[in-house]
Amino acid sequence: MIAFVIGTKAELIKCAPVMLELQKNKTPYFFVHTGQHPLGKSCEEFGIKQPDYFLSEETKEGKQLGSKAGISSWLWFLKIIFKVRGLLRNINPDYVIYHGDTISTGAAAIGSSSILNPFKKWKNVHLEAGLRSGSFLEPFPEEIVRQTADRFSDILLAVSQLSAKNLKRERATGVFGKIFVVGNTVLDSAEITSNKISKKGRKLEGPFALINMHRHENLGSLDRMKKIIEIVKSIGIKSVWPMHEVTREAFENYGLMRELKNIKNLKVTPPVSHKEFISLLINSKYLIVDGGSIQEESLIFKKPCILLRKTTERPEGLSTGINFLTKLNVPYTKEIIRKIEKDELNIKDFQNPYGKVGVSKRILTILK
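Taking numbering that gives the first Met the number 0, the leading residue of the sequence shown gets 0, the next gets one more, and so forth.
With a Cα cut of at most 30 Å, we get these calculated BS3-like pairs of lysine-lysine:
1) 122 - 177
2) 260 - 59
3) 82 - 59
4) 284 - 40
5) 360 - 40
6) 367 - 122
7) 195 - 8
8) 225 - 266
9) 333 - 263
10) 8 - 177
11) 284 - 8
12) 360 - 25
13) 8 - 355
14) 347 - 232
15) 284 - 347
16) 355 - 122
17) 309 - 341
18) 347 - 195
19) 40 - 82
20) 237 - 338
21) 355 - 177
22) 119 - 23
No lab work stands behind these hints: they were computed from the structure. Everything numeric in this text was worked out from a predicted model, so none of it was measured.
The whole structure should be built from the sequences, with the hints applied where relevant.
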């Protein structure tokens with residue numbers, strides 16, 4: 000029996016294909032929700048069951064824990080560690096699966112570990128293991144969480160050869176789990192979602208850029224926020240920005256929201272569902288983002304992706320010719336935007352470094 004410990008929408012999106020495989024085979028599993036994000040609508044969207052267990056009350060939409068790495072988030076994190084521990088001792092699964100690098104991931108990895116459960120029989124499984132940015136502050140706290148999770152895991156499901164290499168290099172510093180290169184479940188998730196999208200899902204007439212930004216290191220820096228506005232102003236086509244609540248609050252707190260709204264070709268909207276976002280992504284000309292999974296989705300749908308980051312834990316995409324790490328260099332970013340809009344990029348065909356569709360089936364075969 001597998002127990003999935005999930006807290007955020009991003010985690011659910013990447014665990015959902017594995018859950019759907021289990022449901023298709025009529026294999027029961029436990030769905031444990033930490034409460035970090037509201038997940039009800041996302042469960043309906045993917046057709047997976049609602050959580051079996053809630054470790055805390057779900058936060059309200061737009062007010063998710065982890066949006067700011069403050070004291071309340073860390074206190075919640077400590078509480079969830081021991082709730083995970085208590086629940087797993089009660090249900091006693093064969094495997095505990097947690098995904099990625101959120102505070103829910105960290106709590107699940109520590110709470111299910113042999114340090115807190117010295118006589119445990121279950122195996123800890125880290126889905127999307129081995130990602131490394133090379134900086135504990137970019138992104139924070141995600142880089143710390145993913146390294147912690149890898150050190151508490153018995154089975155490490157690496158997304159690429161590079162992530163497996165990262166894990167092998169850290170054998171001397173406490174990464175002892177068995178490594179399997181499986182690819183990234185985002186491939187399965189993207190296929191599931193894109194198959195549900197009508198071709199009429201386009202939101203804007205003509206070419207447009209899709210913007211998405213929410214990283215703590217950007218939102219906490221006035222200098223970076225000003226640079227991002229300057230970059231957005233340089234977009235020569237229409238652009239749409241489904242804006243997270245924490246992002247909106249940051250722009251308002253810095254007194255920059257009015258300047259953003261005055262950009263004539265920019266449409267700022269409330270956050271959209273995953274299905275709506277993928278529809279926008281598929282129909283966009285290019286992406287301007289600072290997130291993680293969207294870098295992988297850009298490769299699947301072959302969309303040029305401009306990263307508003309100093310570094311990335313997904314460097315595999317940089318070698319494809321369609322992911323661009325800007326390091327917040329405004330002149331460089333503007334030049335990339337110009338080249339994309341003028342169709343001057345020489346994009347060669349490439350193999351997706353995160354594998355092929357069918358990752359979820361491969362994972363379940365390994366666990367069997």
